[in-house]
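J.: Listed below are the residues making up each chain.
Number of protein chains: 2
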Amino acid sequence: MPLNPLKKILDVTLPPKSHSYKILIEPGSLNQLEKVLQDYITPGFGKILMITDTHVSSFLGQPLLAQLKSAGFETYLYTIPEGEGSKSLATAENIFSFALDIGLSRKDVMIALGGGVVGDLTGFCAATYFRGVPYFQIPTTLLAQVDSSVGGKVAVNFSTAKNGIGAFYQPQAVIIDTDILAHLPLKQLQAGLGEVVKYCFIENTCTGTTGFFNFLNTAANASDSPSSDNHSFSLAHLMPKFPEIVETCCQIKAQVVIQDEKEESGIRSFLNLGHTFAHAYEEITQYKAFTHGEAVVLGIAKACQLSEQLGILPHSETQKFQSLCQSLGLGITPPETLAPTLEPLQLLRLMKKDKKASGGFIRFILPIHQIGEVTIRDDIPDEVLLSIL
Amino acid sequence: MPLNPLKKILDVTLPPKSHSYKILIEPGSLNQLEKVLQDYITPGFGKILMITDTHVSSFLGQPLLAQLKSAGFETYLYTIPEGEGSKSLATAENIFSFALDIGLSRKDVMIALGGGVVGDLTGFCAATYFRGVPYFQIPTTLLAQVDSSVGGKVAVNFSTAKNGIGAFYQPQAVIIDTDILAHLPLKQLQAGLGEVVKYCFIENTCTGTTGFFNFLNTAANASDSPSSDNHSFSLAHLMPKFPEIVETCCQIKAQVVIQDEKEESGIRSFLNLGHTFAHAYEEITQYKAFTHGEAVVLGIAKACQLSEQLGILPHSETQKFQSLCQSLGLGITPPETLAPTLEPLQLLRLMKKDKKASGGFIRFILPIHQIGEVTIRDDIPDEVLLSIL
Numbered sequence: 001m002p003l004n005p006l007k008k009i010l011d012v013t014l015p016p017k018s019h020s021y022k023i024l025i026e027p028g029s030l031n032q033l034e035k036v037l038q039d040y041i042t043p044g045f046g047k048i049l050m051i052t053d054t055h056v057s058s059f060l061g062q063p064l065l066a067q068l069k070s071a072g073f074e075t076y077l078y079t080i081p082e083g084e085g086s087k088s089l090a091t092a093e094n095i096f097s098f099a100l101d102i103g104l105s106r107k108d109v110m111i112a113l114g115g116g117v118v119g120d121l122t123g124f125c126a127a128t129y130f131r132g133v134p135y136f137q138i139p140t141t142l143l144a145q146v147d148s149s150v151g152g153k154v155a156v157n158f159s160t161a162k163n164g165i166g167a168f169y170q171p172q173a174v175i176i177d178t179d180i181l182a183h184l185p186l187k188q189l190q191a192g193l194g195e196v197v198k199y200c201f202i203e204n205t206c207t208g209t210t211g212f213f214n215f216l217n218t219a220a221n222a223s224d225s226p227s228s229d230n231h232s233f234s235l236a237h238l239m240p241k242f243p244e245i246v247e248t249c250c251q252i253k254a255q256v257v258i259q260d261e262k263e264e265s266g267i268r269s270f271l272n273l274g275h276t277f278a279h280a281y282e283e284i285t286q287y288k289a290f291t292h293g294e295a296v297v298l299g300i301a302k303a304c305q306l307s308e309q310l311g312i313l314p315h316s317e318t319q320k321f322q323s324l325c326q327s328l329g330l331g332i333t334p335p336e337t338l339a340p341t342l343e344p345l346q347l348l349r350l351m352k353k354d355k356k357a358s359g360g361f362i363r364f365i366l367p368i369h370q371i372g373e374v375t376i377r378d379d380i381p382d383e384v385l386l387s388i389l
Numbered sequence: 390m391p392l393n394p395l396k397k398i399l400d401v402t403l404p405p406k407s408h409s410y411k412i413l414i415e416p417g418s419l420n421q422l423e424k425v426l427q428d429y430i431t432p433g434f435g436k437i438l439m440i441t442d443t444h445v446s447s448f449l450g451q452p453l454l455a456q457l458k459s460a461g462f463e464t465y466l467y468t469i470p471e472g473e474g475s476k477s478l479a480t481a482e483n484i485f486s487f488a489l490d491i492g493l494s495r496k497d498v499m500i501a502l503g504g505g506v507v508g509d510l511t512g513f514c515a516a517t518y519f520r521g522v523p524y525f526q527i528p529t530t531l532l533a534q535v536d537s538s539v540g541g542k543v544a545v546n547f548s549t550a551k552n553g554i555g556a557f558y559q560p561q562a563v564i565i566d567t568d569i570l571a572h573l574p575l576k577q578l579q580a581g582l583g584e585v586v587k588y589c590f591i592e593n594t595c596t597g598t599t600g601f602f603n604f605l606n607t608a609a610n611a612s613d614s615p616s617s618d619n620h621s622f623s624l625a626h627l628m629p630k631f632p633e634i635v636e637t638c639c640q641i642k643a644q645v646v647i648q649d650e651k652e653e654s655g656i657r658s659f660l661n662l663g664h665t666f667a668h669a670y671e672e673i674t675q676y677k678a679f680t681h682g683e684a685v686v687l688g689i690a691k692a693c694q695l696s697e698q699l700g701i702l703p704h705s706e707t708q709k710f711q712s713l714c715q716s717l718g719l720g721i722t723p724p725e726t727l728a729p730t731l732e733p734l735q736l737l738r739l740m741k742k743d744k745k746a747s748g749g750f751i752r753f754i755l756p757i758h759q760i761g762e763v764t765i766r767d768d769i770p771d772e773v774l775l776s777i778l
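If you read the protein sequences in the order shown, they are chains A and B. For the first sequence, counting from 1, position 72 maps to 72 in this note's numbering; every step adds exactly one. Quick note: to get this note's numbering, add 389 to the position in the second sequence (first position is 1).
Take these hints with a grain of salt, some might be off.
Derived coverage of chain A by chain B (criterion: at least 3 residues anywhere in the stretch with Cβ under 8 Å from a Cβ of chain B; other residues may be distant) [unchecked claim]:
no.: 1; stretch: 11 to 25
no.: 2; stretch: 92 to 101
no.: 3; stretch: 129 to 140
no.: 4; stretch: 164 to 174
Pairs of lysine-lysine residues, derived as DSS-like cross-links and limited to a Cα-Cα distance of at most 25 Å, are as follows [as the list claims (entries may be wrong)]:
no.: 5; chain 1: B; residue 1: Lys406; chain 2: A; residue 2: Lys17
no.: 6; chain 1: B; residue 1: Lys551; chain 2: A; residue 2: Lys47
no.: 7; chain 1: A; residue 1: Lys47; chain 2: B; residue 2: Lys742
no.: 8; chain 1: A; residue 1: Lys262; chain 2: B; residue 2: Lys496
no.: 9; chain 1: B; residue 1: Lys551; chain 2: A; residue 2: Lys162
If you're looking for bench data, these hints aren't it; they were derived computationally from the structure. For each residue, glycine too, the CB sits at the ideal point set by N, CA and C.
Please construct the entire structure, taking both the sequences and the accompanying hints into account.
T.: Shown next, in the form of structure tokens:
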């Protein structure tokens, strides 16, 4: 088989070495998953427990299972209900019970096949089942491909705490097939693009490279279709660019994780650009009004506004961001109908109880100078925040 | 305050450096716990959540809490029911809820005050609450002081799997006050001595040093009281030696953990001497007939017998072991009344499903040459095993 020129392998090199792993990005890689796995599984391993959700199971889980079975693997599928509700200790316990029933041991592996919920939940199960079994991330949404599948943050929600119970636990490898993205509904693609836009804003500070914003902007505007007519709005023209888009995002995230695996030195906090606002927007609407990506874009818009008020970002940069969002069909202001819900004082209260708040002041990652550079600020007075909320 | 000549500090140096920690061994150290903690807590930390059980709470937990409160700490106590039943996900969830209620964050700390159950459970909660909060181990039994509090193995039981859900998560420090041991009932002290005897058997192979067996044997026989008269049997004469006994055990365990934090290279398996037999004895009697230490001693006796049969251990070494056990009041054969329960074929079946079994053959750590040296064997035929069970 000829080498796929679009195949990219990124290294996430961590101390200790046993935590290191690779990210494979290749259109069509799942068509030969059995070969990919063989490169990363130690000889003598036994069973594969693949965890997916009801949505992914039918169009991808079952076929992949059959494919692995006919390649001689002993494979089991566990399907969870689709949605955030599955990211719970109760679902984890069901998976533990299933794993015990099939006799899964530390020599076997788990595979997370799905979006962020499946990835976070499976990662948590892999991290804690018999104190840790090897696992693979196979992200099937853009959001998971560029964000949650890389970095080893695994968790379930607990009571009022999103990601309240979890661990830092790195996979054996992340296997990304960008061909999957062609099957995603527009709204889900846009949810992922929210995080993609975030990477444009932190690229230079995190990796020292530049150019991702321009690349994405050019790709986004390469369409002939009138983006103003919402009925015909499409991102089909972006499809050929996704291998490169995903690669750049993973490269940035990998660089950050390499420098700060467990959020100890602070570099990892750059990934939180827009997220303090986003979490407040999500929580105040009880996670019903926005996808995470939509909330992140709103958060970045607020971060730009704040930077402008502080005099650290020229308005022209905010305009470039707004223009990119328009090309991608991403909203930068909440819908009017939500105005009564998004009460500034309440939003501020939620932001203060966020993990990133410390001593009453909230820690913000803010764009500075130009798109690509960020800084950390924890000295923003409440009045300034209330004025922009 | 003059320096306590009995104070010892052992270093557990791990990669990455952030996993490294110290073991403090000092008679009376809890009398100044507030000072000890200050050395290991980063400035700006807030709350302390101390977790203990109903037994320890009354005689130690409450007084320590008052002591820390009057030193200015914001301290909370969570008390779990005494016993193995508390080592469950359900109890962990109760602790998570309590931690959320008091607003515990990643800047705060947890303290495990108790034996192995409290230590393993608290460690698991600390490992997973918000992906990890700092925690301290304060072991209050001999077994916990020499074994479970050191090494970062944390877990709860799940369904049929003992320690089925857990993690490797190192504490900030292990704080050992050997004065506590004077309050332990004889049976609990003996439970810990089972693991102490184990360290005699692995010392040379693990650390290259020798002499622990002779030290312990001399200490054990330094009593005038007739050890044959069970009514007056006492280990009071051992008390002055416990700082040194605990130190040596922790030193051996620390050396092993430094070389093999997560049971990856195999060295850590030496700690399992006698444990494959022990787990089978414990499981077949539904954890009701033996303390873990008692089962370990029975397991070591079986391991000696097996080594003798394989011709790798002289009988004189087994006799030395038997004589030591007699001095310490440790039984080396199960009581006659249990004979019908300890069915050889059943024991063999349990040993085969143990984590340490692989491909039908069981992996044994066996004494070789003389007490202090061990080897790994996974080639023992079932017939040989059945003949000694």
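J.: Find the hints from earlier in the document that the structure breaks and name them by number, from lowest to highest.
T.: Going through the list in order, the structure violates hint 9 alone and respects the others.
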